[in-house]
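Participant: Spelled out from the first residue to the last, the chains are:
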Amino acid sequence: MKRPDVPHIMRQGRLIPWFYLLPALAILTIYVVYPTVRTFYVSLRNEDSSGWAGDTCNDDETCFGVLENYHKVFTEDTAGAKNVTSLYNTARWLVIVVPGTVILGLLFAMITDRVRYTAAAKAIIFMPMAISFVGAALIWGFVYDSDEKVGLLNAFLVRLGFDARNWLGLAPPSGTFLLTVIAVWVWTGFTMTLLAAAIKSIPGEVIEASRVDGANEFQLFFRIILPQIMPTVAVVMTTMTINTLKMFDIVWVMGGRDTDVIATRMVSELTESRDFGMAAAIAVVLILLTIPVMVYNVRRFTIEEARR
Amino acid sequence: MNLIIAWIIFGTLVGSVGTYLLYDERKRNAEQGALLGAAVGAVGNLVLLVPLWVYTFMRGEGEGDQPVIGRDPIQPRHFIRVALYAFLILMMIVYLLPVYTVLMTSLKPRAEADDLDTVWNLPSEIEWDDLEIGSFSIRMPVGYATALEEFGPQLKNSLLLTVTATILSALMGSLNGYVLAKWKIPGANVLFPLMLFGMFIPYQSILIPLFQFLNDVNLGGTLYGLIMAHVVYGLPITTLIFRNYYAEVPTEMLEAGAIDGAGFFGIYRRIVFPLSLPGFVVVIIWQFTQIWNEFLFAVTISNEDSKPITVGLAELSGGEAVNWTLPMAGAILAALPTLLVYIVLGRYFIRGLLAGSVKG
Chain W
3 MKRPDVPHIM RQGRLIPWFY LLPALAILTI YVVYPTVRTF YVSLRNEDSS
53 GWAGDTCNDD ETCFGVLENY HKVFTEDTAG AKNVTSLYNT ARWLVIVVPG
103 TVILGLLFAM ITDRVRYTAA AKAIIFMPMA ISFVGAALIW GFVYDSDEKV
153 GLLNAFLVRL GFDARNWLGL APPSGTFLLT VIAVWVWTGF TMTLLAAAIK
203 SIPGEVIEAS RVDGANEFQL FFRIILPQIM PTVAVVMTTM TINTLKMFDI
253 VWVMGGRDTD VIATRMVSEL TESRDFGMAA AIAVVLILLT IPVMVYNVRR
303 FTIEEARR
Chain X
16 MNLIIAWIIF GTLVGSVGTY LLYDERKRNA EQGALLGAAV GAVGNLVLLV
66 PLWVYTFMRG EGEGDQPVIG RDPIQPRHFI RVALYAFLIL MMIVYLLPVY
116 TVLMTSLKPR AEADDLDTVW NLPSEIEWDD LEIGSFSIRM PVGYATALEE
166 FGPQLKNSLL LTVTATILSA LMGSLNGYVL AKWKIPGANV LFPLMLFGMF
216 IPYQSILIPL FQFLNDVNLG GTLYGLIMAH VVYGLPITTL IFRNYYAEVP
266 TEMLEAGAID GAGFFGIYRR IVFPLSLPGF VVVIIWQFTQ IWNEFLFAVT
316 ISNEDSKPIT VGLAELSGGE AVNWTLPMAG AILAALPTLL VYIVLGRYFI
366 RGLLAGSVKG
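In order, the protein sequences belong to chains W and X.
For the first sequence, this note's numbering begins at 3 and goes up steadily by one.
For the second sequence, this note's numbering begins at 16 and goes up steadily by one.
No lab work stands behind these hints: they were computed from the structure.
Don't be surprised by glycine CBs; every beta carbon is placed ideally from N, CA and C.
Take these hints with a grain of salt, some might be off.
Said to hold, decoys possible - Each pair of labels, with its calculated beta carbon distance range:
(1) Phe220/W x Ile108/X: 41 to 47 Å
(2) Met232/W x Leu290/X: 52 to 58 Å
(3) Pro168/X x Ala236/W: 43 to 49 Å
As the list claims (entries may be wrong) - Stretch by stretch, here's where chain X covers chain W in the computed footprint (C-beta under 8 Å, at least three residues):
(4) 85-93
(5) 119-132
(6) 194-201
(7) 214-220
(8) 250-258
To be verified - With the C-beta cut set under 8 Å, the calculated list includes, among others, these residues of chain X facing chain W:
(9) Phe212
(10) Ile216
(11) Tyr357
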């Protein structure tokens, strides 16, 4: 973090800059560091943080003491709360949305790099990013209306001679798959924009040279382009992983209990059951899942900064 | 440039002529005539102006004004190219189809909105309704009038929340960015990664303490609590964007200011701040769209009186939607501000996005 370009005169006040940074620094500590630590603490307490999580355990049941909330997160799957299902659903989201958006984004980025006059196509594919997820969920609610007589998807199928069906009422995992489609619709524009920028920055000579050497389109993509844009692909994948893990809006607006993911389970514990301990335990699971990805992202950022 | 101005004037003229002609023809029903004329005028303007917009957008792409380094595409053979265009057009239709039907449904009369066979069609007629705002009364399609009546307070909350939080976080971010970019401070290498963590961290990890804290200080459920949350958690990204922006400002300029006797804040106010307009544009657009569209804080922190539009919309979809006209009109009203920002200032929008994920 050496800044050789900082002139002597700017180094005079060693304390004054700190003074101006102080509000931001204090705010970050108070609002980011402390709450995160506190979330860990609350996750070990009972529902209103008045005692430890294991205090209310019955003697005849297995009890994990202070870790009782975590025990529940990984086991309890009753009619009221489907914790395990929500963990599986988050896994389904990751498996579909991260590769889905990256591969589709790559495809669009490659195509728009190949032909001229693609600004309009890019603008339209990026457009859902400007709409809120709540809005997107409403729009897609119309596509998958639960009434068999309404809905865009049904209208389309009927036109083609198939039967209309109640899409959101199908057997459990299918609801999750339908919701991931919305997320892919929204986020592909994001991945496309980042990947297209990376592809554009590959010098034309490199591609020309490989053409002269007789490489076909597939060899060109896998041997030349992909290795060159790998850093950006990694960025996009990590960002999408974080985005998917904390996905909340679409599922909250459209889903029922069968489509719950970690993030929606946490908010229902917080606002509906008012069980702070459980909500915090779910949040901690979410934090632990995102931390490896976050550390990777922060390190990459810092390395890039050092190069500036 | 002259061409563009001429084109805009021409487009407006044609639109206005259309408006006038229609108005003239429909004199018997002046009100409807004027509305229809205005609609035709607007369409006329759009038809003339949209190609222009696309043209300038594409020209801008090559000028290096975008964060992307321009390079002409290396085009494949003819038939592959046709196939690629066909695929792109198909994808554009797939992307626009939901939006098109939403727009149509929002304009349709109630009875027509739920009919499977006419989902694709234009509305057969537009039902009008008067919306009373104070002593004014505005005529608009019935879905929009109902939506505005229903969501009016929430749209107001959203506007208040978004504008206040955006301005506050942009100003604070600018000051922070200045310090981080131009002043050598011991420990900056700790502060910077910490800030990045603040940017990447899922809000869920701080939500519970925030919720408890706001309740403890009696801000739970108020708009102030929500504004505070958005200012605080917007700071990392605004600081980062400004920091990268100020890194490009030549240090000599600040030095000159220092020699002239300006202090820390004097340099900021007289030299850095006046240079900051492009940075502010990027940051304000980014924050505006993020906060307007945000849902997690909104749904947990707000209450009945302070809920923003996203929460109102979400509640609407909770009940079994009997009629789609209202939700669709609401979705369009809620999406309009950010969509307009994207259409008019898309370039800056994408720049903010790049700053937030790859690098400035």
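Participant: State for each hint whether it applies.
Facilitator: These are the hints, each one checked on the structure:
As the Cβ distance of Phe220/W to Ile108/X is approximately 27 Å, the hint placing it in 41 to 47 Å is violated. Distance hint for Met232/W and Leu290/X: a CB-CB separation of about 36 Å, inconsistent with the stated range 52 to 58 Å. Distance hint for Pro168/X and Ala236/W: a CB-CB separation of about 45 Å, consistent with the stated range 43 to 49 Å. Given a C-beta distance limit of less than 8 Å, the hint that chain X covers the segment 85-93 of chain W is violated, as 0 residues qualify and 3 are needed.
Counting residues of the segment 119-132 of chain W whose beta carbon lies closer than 8 Å to any beta carbon of chain X gives 13, which reaches the threshold of three, so the coverage claim holds. Coverage of the segment 194-201 of chain W by chain X holds [criterion: at least 3 residues with CB-CB distance below 8 Å; count 4]. Check result for the segment 214-220 of chain W against chain X: violated, 1 residues qualifying (beta carbon to beta carbon below 8 Å, three or more required). Coverage of a stretch by a chain is defined here by at least three residues with a beta carbon nearer than 8 Å to that chain's beta carbons; for the segment 250-258 of chain W and chain X the count is 5, and the condition holds.
Against a cut-off of 8 Å between C-beta atoms, the interface hint on Phe212/X holds, since the closest Cβ of chain W lies about 6 Å away. Using the Cβ-Cβ criterion of 8 Å, the hint placing Ile216/X at the interface with chain W is satisfied: the shortest such distance is roughly 7 Å. Interface hint status for Tyr357/X: upheld, as the beta-carbon distance to the closest one in chain W is roughly 4 Å, under 8 Å.
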